[in-house]
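J.: Residue numbers (the working numbering), protein chains in the order written: chain F, 1 to 318; chain Z, 1 to 328; chain U, 1 to 306.
Partial list, computed: chain U residues near chain Z (C-beta under 8 Å):
| no. | residue |
| --- | --- |
| 1 | Q196 |
| 2 | G206 |
| 3 | H216 |
| 4 | P219 |
Read the hints as simulated data drawn from the structure, not as lab findings. Source: prediction; values computed, not measured. Each residue gets a CB set at the ideal place from its N, CA and C atoms; glycine is no exception.
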Amino acid sequence: MARLLTAKNISVSFSTESGVIHAVKQVSFHLVEGEVLGVVGESGSGKTQLMHSLLQLLPENATTCGEALFAGKNLLSLAKNEINGFRSNEIAMIFQDPMSSLNPYLRISTQLTEALIQNQKINKRQALEAAIEMLEKMRIPAAATRIHAYPYQFSGGMRQRIMIAMALLRKPKLLIADEPTTALDVTVQAEILTLLTLLRDEFSLSIIFITHDMSIVAGQCDRVVVMYAGRIVEQAPVDALFYEPGHPYTQGLLEAAKSQSGLTDKLISIPGHPPGNYERLTGCAFYPRCEKRLEVCEHINPVMKGTATRQQACHLYD
Amino acid sequence: MTDKTITIDVNNVSVTFKHSGSFLSFERKKSFNALSNVTFSIKTGSSVGIVGESGSGKTTLARTILGLIEPSSGAVHLPKDVRQKEDIQFIFQDPLAALNPRMTVEQLITEPLDYLPKKSNKKKPDAVTSLQKLKTMMEQVGLDFSQRHRYAHEFSGGQCQRIGIARAMITRPKILICDEPVSALDVSVRAQIINLLKDLQQQRGLTLIFIAHDLSLVRYISDQLLVLYQGKLMEMGPCEEIFSQPGHPYTQALIAAEPKPDPHAERSRLYTDYGESTTGPMQHHGCVYAGRCAYAQAQCYSRQPRLTYTTGTIQVACFFPLEATTSV
Amino acid sequence: MKTQPAIVEVVVANDTTAMLEARIIQTPVRQVWVRFKKNLAALISMGVIGLLVIAVLITPVLSPFNGEDIDYESIASEPSLASGHVFGTDSLGRDLFVRTMEGSRISLLIGLVATVVSLLIGVNYGAIAGYFGGRVDAVMMRLVDILYAMPFMFFVILLMVFFGRNIYLIFFAIGAINWLDIARIVRGQTLAIKQQAYVEAAQIYGASHWKIIQRHIVPNLLGVVAVYITLTIPQVILVESFLSFLGLGIQEPMTSLGALVSDGANEMESYSWMLIFPATFLSIILFGFNFIGDGLRDALDPKQVN
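Input sequences plus hints: build the corresponding full structure.
T.: Okay, structure coming up:
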């Protein structure tokens with residue numbers, strides 16, 4: 001299948017009064033049409049900044065380098081009006097907090113129809129019908145009446161569904177989901193994840209799923225990218241990653257996740273904590289916490305090596 | 001076990017919040033039942049997990065035990081040697097928000113010592129003793145004593161939580177309530193904090209009340225489990241037993257809804273439509289869970305079930321509790 | 001709250017790892033200063049006001065002239081380096097430079113003291129109203145609303161008329177009126193701070209209400225209060241100037257910039273320098289504090305990265 005998105009050597013840094021933060025360092029990955037790519041990382045991994053850079057959603061003190069090819073264009077170098085065309089139309093994004101996309105003072109009907117009318121030549125009635133139909137696809141009960149309500153009148157799970165509806169209204173090719181279920185109750189999360197699986201087939205979506213939760217990745221994703229301290233440390237198909245993890249960080253993360261889901265006797269963690277924003281690192285960023293470290297790891301940063309389908313950045317595999 | 005076991009008794013506690021509008025305004029008073037007729041006992045020295053999703057009332061329950069909220073009816077009875085606000089301490093969900101940004105670590109952790117003389121006959125320790133206690137405490141929670149002059153925002157989430165734990169433990173409380181202490185932390189770090197809490201509990205014979213919004217970590221730290229839904233107790237009993245054989249459909253739903261880091265298992269998981277939780281007041285006078293329950297029948301909409309023993313140790317509030325054949 | 005200097009320290013990090021890192025210890029005050037420095041107008045204003053304060057303090061020592069001495073030879077004379085009167089003299093023959101410096105001194109003093117008075121009243125009032133909330137808050141704030149409605153100038157003029165033009169009375173009167181603004185601002189901030197988890201934490205480990213206000217609420221208000229101070233000082237100076245203009249301000253032989261401007265305005269057509277110099281100084285002070293206040297406000301508003 002064709003590649004929908006190819007990212008090459010993307011770096012993002014922020015200049016702050018306390019110094020420069022290198023949030024993303026030389027990240028390359030790709031997305032094949034129709035697949036769900038999971039991007040896993042903890043705090044400081046840079047996963048959110050990486051995704052925001054694709055749609056130029058970063059604040060002004062951010063500097064981005066590299067290339068992100070989508071439909072033949074480099075997203076990172078597009079002008080303001082061009083990138084606006086991509087947002088929502090070709091690439092849509094949903095966030096952890098639905099209220100970040102919903103205006104609390106406008107009715108849902110207004111917000112959904114506005115999005116439709118802006119670019120297409122349809123009248124209000126047609127837009128409303130299309131919006132109601134989309135809400136029904138999101139399994140929102142009594143969509144035709146509830147569409148006229150305000151965001152605060154819906155529960156968190158419902159608002160998330162509305163946000164997904166808004167994102168899919170213009171039939172984008174790519175959906176970027178940034179921790180969409182982190183703020184939801186576990187039972188609601190299960191419903192939203194199942195919904196996403198159904199929608200993926202119905203709308204022929206390709207999805208980039210950003211999360212810190214390995215368990216969600218296991219159920220949702222075809223391929224996984226693991227990030228640590230601004231770099232990708234492992235890329236693999238989901239089964240290979242979970243049943244034969246390569247990088248020690250992935251192994252540690254999996255052990256921790258399994259133990260927290262009750263699959264082990266003891267609770268497991270990785271000693272230490274992810275590096276902070278301003279720490280200067282030589283060598284592999286995971287070195288201080290790694291059980292399998294070698295002497296070379298302290299001084300030289302490993303590069304991604306492997307096969308066409310899976311790679312990891314670790315000296316153990318050199 | 002004698003009858004003289006010391007317990008914390010929560011007796012038929014209900015907490016109703018009245019939205020009274022502001023003073024000097026003419027808004028009608030609306031009310032909201034955060035907790036309804038909750039009754040249970042906690043043995044001192046034991047570890048209890050309270051699990052509930054949003055709207056379950058678990059945070060209100062914690063604050064009622066702490067004494068920050070007065071129950072609208074019913075009461076919380078503490079053992080004789082435990083005073084509210086003195087021997088009970090609290091760990092917050094957001095580690096950084098719980099620390100005053102303008103205070104150093106040293107000031108943060110030793111602050112509770114300043115309030116000792118007022119509350120009880122304990123004397124406020126002098127500067128040398130305070131510093132000693134600080135050192136001991138910081139070492140015990142895994143913090144570097146030389147970092148005591150730093151500010152909270154310079155530490156990671158896990159370290160901030162350690163600061164919070166040190167602060168809570170420095171006055172040697174008897175009861176520790178933890179409100180989702182690791183939800184805001186990285187996955188690779190959560191176990192460190194949980195294990196720390198467990199160690200502290202065992203070393204000091206603490207009564208540990210652990211509040212969580214899902215079942216994942218509870219089994220490692222709690223002996224007893226309470227499941228709350230919309231302010232009511234749904235199920236109560238020994239943790240391991242409930243996990244292997246949940247009695248209440250809601251507990252079963254919680255267990256089933258949780259994803260596992262196992263692709264094969266996840267792909268073959270069956271989708272169950274739990275229905276959306278209602279946000280407004282209930283339309284009927286039956287079981288609060290009836291609207292979402294897969295097994296609800298007519299009776300469930302007209303009367304509220306009481307907590308009854310299904311096995312010798314587990315209590316379930318359900319007319320049709322699950323049996324071994326129907327559990328996951 | 002002590003200001004600690006920035007120290008570059010090599011520290012051994014935490015937990016179970018040993019990782020060396022060089023860091024600059026960032027205290028809250030230092031962070032604000034770093035941001036403040038970026039605002040050029042504010043930084044320059046700080047310098048200018050600083051210079052002014054120094055000039056005001058050393059003039060009595062260095063200048064050959066006195067604010068009260070009458071130079072009979074140069075009554076109402078133009079500024080000239082030859083005569084030594086760099087700003088000229090006023091209609092009574094007093095050196096205008098010295099008078100202007102003295103006027104600046106008095107104006108700044110009034111600005112400062114009146115602001116401190118309003119601060120002491122306003123911060124306590126607002127913090128109490130905000131912290132205790134409920135009826136206490138409602139009653140206290142309604143009182144503020146009522147006082148707001150009263151005609152301030154009228155009130156001050158009455159005070160001046162009844163009790164005479166005493167400088168201490170002016171301090172107090174202006175300060176006692178200005179506290180309304182800061183009370184409202186502090187109350188709003190207190191409401192926000194009250195919601196923070198660390199305030200609840202303090203309540204749980206048994207801190208009394210007063211200790212909480214003192215340790216947790218007020219220190220986190222200081223940012224807002226600092227901005228208020230720098231923006232109120234010019235306001236107060238202007239009010240005093242207005243009073244002087246009306247003839248109700250400082251009594252002779254003490255003078256303020258407002259009084260000097262008032263006198264200068266009378267002689268404006270023939271002896272323009274008598275107006276220009278004090279007016280310029282007044283403007284510099286007002287602009288300066290306003291820029292500093294703006295700079296502080298921006299510096300205290302943390303723009304979060306990430």
